[in-house]
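I would like the entire structure built from these sequences, with the hints used as guidance.
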Amino acid sequence: SIANRGGRLVRCDSSGEGGVGCLQPVHGRVEIHGGGILASTGTPPRLVALDADATLRDRWSSGFATSAHLMEFARVGNRAFGLESCPKLGGLTSIDLDGDEALVIAAPAPPGTTIPDGVCGERIAARSDGPLLAVAKTTDEQDFILFVDGNTGETRASKQVAAPAVDVAALG
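Residue numbers (the working numbering): 24 to 195.
Because the hints were derived from the structure by calculation, they are not lab data. Computed from a prediction, not measured in an experiment: that's the story for all the values here. Glycine included, each C-beta is placed from N, C-alpha and C at the ideal position. Any given hint could be a false lead.
Distance windows between CB atoms, simulated [as the list claims (entries may be wrong)]:
{"#": "1", "residue 1": "Asp190", "residue 2": "Gly65", "range": "13 to 21 angstroms"}
{"#": "2", "residue 1": "Thr175", "residue 2": "Thr78", "range": "15 to 23 angstroms"}
{"#": "3", "residue 1": "Val127", "residue 2": "Leu79", "range": "19 to 27 angstroms"}
{"#": "4", "residue 1": "Leu126", "residue 2": "Gly65", "range": "18 to 26 angstroms"}
{"#": "5", "residue 1": "Arg179", "residue 2": "Leu126", "range": "25 to 33 angstroms"}
{"#": "6", "residue 1": "Val184", "residue 2": "Asp121", "range": "33 to 41 angstroms"}
{"#": "7", "residue 1": "Asp74", "residue 2": "Asp140", "range": "28 to 36 angstroms"}
{"#": "8", "residue 1": "Val184", "residue 2": "Arg82", "range": "32 to 40 angstroms"}
In C-alpha coordinates, the structure reads:
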(Lines of atoms letter the chains of each structure in order from A and count residues from 1; the text may use other names and numbers.)
(Lines give C-alpha, C1' and ligand atoms only; values in the text may rest on other atoms or scores of the structure.)
Protein backbone atom coordinates (compact mmCIF):
# COMPACT_ATOMS: atom_id res chain seq x y z
CA SER A 1 0.00 0.00 0.00
CA ILE A 2 1.06 3.58 -0.54
CA ALA A 3 0.11 6.87 1.04
CA ASN A 4 0.35 10.49 -0.08
CA ARG A 5 2.27 12.33 2.61
CA GLY A 6 3.29 15.90 1.89
CA GLY A 7 2.95 15.38 -1.86
CA ARG A 8 5.25 12.34 -1.81
CA LEU A 9 4.17 8.75 -2.30
CA VAL A 10 5.46 6.66 0.58
CA ARG A 11 4.91 3.11 1.75
CA CYS A 12 2.19 2.69 4.38
CA ASP A 13 3.59 2.05 7.81
CA SER A 14 2.21 -0.25 10.49
CA SER A 15 0.97 2.60 12.69
CA GLY A 16 -2.60 1.99 11.57
CA GLU A 17 -2.93 5.59 10.41
CA GLY A 18 -4.97 5.69 7.22
CA GLY A 19 -4.27 7.87 4.24
CA VAL A 20 -4.70 7.86 0.50
CA GLY A 21 -4.11 4.24 -0.42
CA CYS A 22 -3.63 3.16 3.21
CA LEU A 23 -6.49 1.19 4.64
CA GLN A 24 -5.53 -0.70 7.74
CA PRO A 25 -5.89 -3.71 8.11
CA VAL A 26 -6.50 -4.34 4.38
CA HIS A 27 -4.11 -6.69 2.61
CA GLY A 28 -5.54 -8.29 -0.54
CA ARG A 29 -8.79 -8.06 -2.48
CA VAL A 30 -11.14 -5.12 -1.96
CA GLU A 31 -14.78 -4.87 -3.11
CA ILE A 32 -17.50 -2.25 -2.71
CA HIS A 33 -19.89 -3.38 0.04
CA GLY A 34 -22.81 -1.52 1.60
CA GLY A 35 -21.47 2.04 1.28
CA GLY A 36 -17.94 1.00 2.23
CA ILE A 37 -15.62 -1.84 1.34
CA LEU A 38 -15.21 -5.53 2.06
CA ALA A 39 -11.57 -6.61 2.14
CA SER A 40 -9.24 -9.44 3.04
CA THR A 41 -6.53 -8.98 5.67
CA GLY A 42 -3.78 -11.45 4.77
CA THR A 43 -2.69 -12.78 8.17
CA PRO A 44 -4.67 -13.28 10.34
CA PRO A 45 -7.00 -14.60 7.64
CA ARG A 46 -10.15 -12.49 7.97
CA LEU A 47 -12.57 -10.41 5.99
CA VAL A 48 -13.30 -6.89 7.21
CA ALA A 49 -15.93 -4.29 6.36
CA LEU A 50 -14.80 -0.66 6.44
CA ASP A 51 -16.94 2.45 6.12
CA ALA A 52 -16.12 5.04 3.46
CA ASP A 53 -13.94 6.85 6.03
CA ALA A 54 -11.98 3.61 6.67
CA THR A 55 -13.59 2.95 10.08
CA LEU A 56 -13.78 -0.76 10.88
CA ARG A 57 -17.47 -1.74 10.81
CA ASP A 58 -17.32 -5.55 11.02
CA ARG A 59 -14.98 -8.53 10.75
CA TRP A 60 -15.40 -12.22 10.02
CA SER A 61 -13.18 -15.22 10.53
CA SER A 62 -12.35 -16.90 7.22
CA GLY A 63 -12.44 -20.43 8.62
CA PHE A 64 -8.76 -20.97 7.74
CA ALA A 65 -6.08 -21.66 10.35
CA THR A 66 -4.62 -18.49 11.89
CA SER A 67 -1.35 -19.10 10.01
CA ALA A 68 -3.10 -18.85 6.61
CA HIS A 69 -2.68 -15.74 4.44
CA LEU A 70 -6.05 -14.80 2.94
CA MET A 71 -5.69 -12.50 -0.08
CA GLU A 72 -8.58 -13.61 -2.31
CA PHE A 73 -12.33 -13.91 -1.93
CA ALA A 74 -15.47 -13.72 -4.06
CA ARG A 75 -18.89 -12.61 -2.88
CA VAL A 76 -22.38 -13.87 -3.78
CA GLY A 77 -25.10 -12.06 -1.83
CA ASN A 78 -24.49 -12.60 1.89
CA ARG A 79 -21.76 -15.23 1.34
CA ALA A 80 -18.10 -14.78 0.64
CA PHE A 81 -15.77 -17.53 -0.52
CA GLY A 82 -12.20 -17.34 0.79
CA LEU A 83 -9.47 -18.89 -1.37
CA GLU A 84 -5.98 -19.79 -0.21
CA SER A 85 -3.09 -19.88 -2.68
CA CYS A 86 -1.41 -23.10 -3.75
CA PRO A 87 1.97 -22.36 -2.12
CA LYS A 88 0.09 -21.79 1.16
CA LEU A 89 -1.59 -25.27 1.01
CA GLY A 90 -4.82 -24.10 -0.63
CA GLY A 91 -8.37 -24.52 0.56
CA LEU A 92 -11.77 -22.87 0.13
CA THR A 93 -14.12 -21.53 2.78
CA SER A 94 -17.68 -20.19 2.81
CA ILE A 95 -18.22 -17.18 5.07
CA ASP A 96 -21.69 -16.03 6.18
CA LEU A 97 -21.61 -12.21 6.07
CA ASP A 98 -24.92 -11.98 7.97
CA GLY A 99 -23.55 -13.98 10.89
CA ASP A 100 -20.22 -15.25 12.09
CA GLU A 101 -20.07 -18.73 10.60
CA ALA A 102 -17.28 -19.84 8.30
CA LEU A 103 -17.14 -23.37 6.91
CA VAL A 104 -14.22 -25.08 5.21
CA ILE A 105 -15.72 -26.53 2.02
CA ALA A 106 -12.45 -27.65 0.39
CA ALA A 107 -9.82 -28.61 2.93
CA PRO A 108 -6.27 -27.30 2.70
CA ALA A 109 -3.55 -29.81 1.82
CA PRO A 110 -1.60 -31.42 4.67
CA PRO A 111 1.54 -29.57 5.82
CA GLY A 112 4.61 -30.54 3.80
CA THR A 113 2.67 -30.75 0.53
CA THR A 114 4.25 -28.55 -2.13
CA ILE A 115 1.42 -28.20 -4.69
CA PRO A 116 -2.04 -29.19 -3.51
CA ASP A 117 -4.11 -31.37 -5.80
CA GLY A 118 -7.30 -29.79 -4.50
CA VAL A 119 -8.82 -26.33 -4.69
CA CYS A 120 -6.26 -23.54 -4.51
CA GLY A 121 -5.36 -20.54 -6.59
CA GLU A 122 -4.49 -16.90 -6.95
CA ARG A 123 -7.84 -15.53 -8.21
CA ILE A 124 -11.49 -16.41 -7.68
CA ALA A 125 -14.78 -15.18 -9.15
CA ALA A 126 -18.40 -16.11 -8.48
CA ARG A 127 -21.54 -15.92 -10.59
CA SER A 128 -24.12 -13.52 -9.19
CA ASP A 129 -26.94 -16.08 -9.50
CA GLY A 130 -25.36 -18.93 -7.61
CA PRO A 131 -22.27 -20.46 -6.13
CA LEU A 132 -20.42 -21.64 -9.23
CA LEU A 133 -16.87 -20.41 -8.70
CA ALA A 134 -14.07 -19.90 -11.22
CA VAL A 135 -10.57 -20.31 -9.76
CA ALA A 136 -7.28 -19.47 -11.49
CA LYS A 137 -4.86 -22.15 -10.30
CA THR A 138 -1.19 -21.66 -11.14
CA THR A 139 1.49 -24.18 -10.26
CA ASP A 140 5.16 -24.46 -11.20
CA GLU A 141 4.32 -27.00 -13.90
CA GLN A 142 0.74 -26.41 -15.09
CA ASP A 143 -1.96 -23.77 -15.06
CA PHE A 144 -5.70 -24.40 -14.80
CA ILE A 145 -9.08 -22.77 -14.54
CA LEU A 146 -11.15 -24.73 -12.01
CA PHE A 147 -14.95 -24.62 -11.88
CA VAL A 148 -15.90 -25.30 -8.28
CA ASP A 149 -19.28 -25.87 -6.61
CA GLY A 150 -19.51 -23.28 -3.83
CA ASN A 151 -21.88 -25.47 -1.81
CA THR A 152 -19.71 -28.58 -1.71
CA GLY A 153 -16.18 -27.47 -2.66
CA GLU A 154 -16.19 -30.12 -5.38
CA THR A 155 -14.32 -29.34 -8.59
CA ARG A 156 -16.91 -29.77 -11.35
CA ALA A 157 -14.44 -29.19 -14.19
CA SER A 158 -10.80 -28.35 -14.68
CA LYS A 159 -9.39 -26.83 -17.86
CA GLN A 160 -5.65 -26.68 -18.41
CA VAL A 161 -4.59 -23.37 -19.97
CA ALA A 162 -1.45 -22.53 -21.94
CA ALA A 163 -0.37 -19.61 -19.74
CA PRO A 164 -0.95 -18.51 -16.14
CA ALA A 165 -4.33 -16.85 -15.67
CA VAL A 166 -3.76 -13.47 -14.04
CA ASP A 167 -7.45 -12.98 -13.31
CA VAL A 168 -10.85 -14.63 -13.77
CA ALA A 169 -14.38 -13.27 -14.17
CA ALA A 170 -17.66 -15.10 -13.85
CA LEU A 171 -20.41 -14.00 -16.20
CA GLY A 172 -24.03 -14.47 -15.37
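Verification of the hints:
1. Asp190 and Gly65 have their C-beta atoms about 19 angstroms apart, which keeps the hinted 13 to 21 angstroms range intact.
2. Thr175 and Thr78 have their C-beta atoms about 36 angstroms apart, which leaves the hinted 15 to 23 angstroms range violated.
3. With their beta carbons about 25 angstroms apart, Val127 and Leu79 fall inside the hinted range of 19 to 27 angstroms.
4. At about 21 angstroms, the CB distance of Leu126 to Gly65 agrees with the hint of 18 to 26 angstroms.
5. In this structure the supplied range 25 to 33 angstroms is violated for Arg179 paired with Leu126, their Cβ-Cβ distance being about 19 angstroms.
6. In this structure, Val184 and Asp121 meet the distance hint of 33 to 41 angstroms, their C-beta atoms being roughly 35 angstroms apart.
7. Restraint check, Asp74 to Asp140: a C-beta distance of roughly 41 angstroms breaks the suggested window 28 to 36 angstroms.
8. The hinted window of 32 to 40 angstroms between Val184 and Arg82 holds, with their beta carbons roughly 35 angstroms apart.
Violated hints, in rising order: 2, 5, 7; the structure is consistent with all others.
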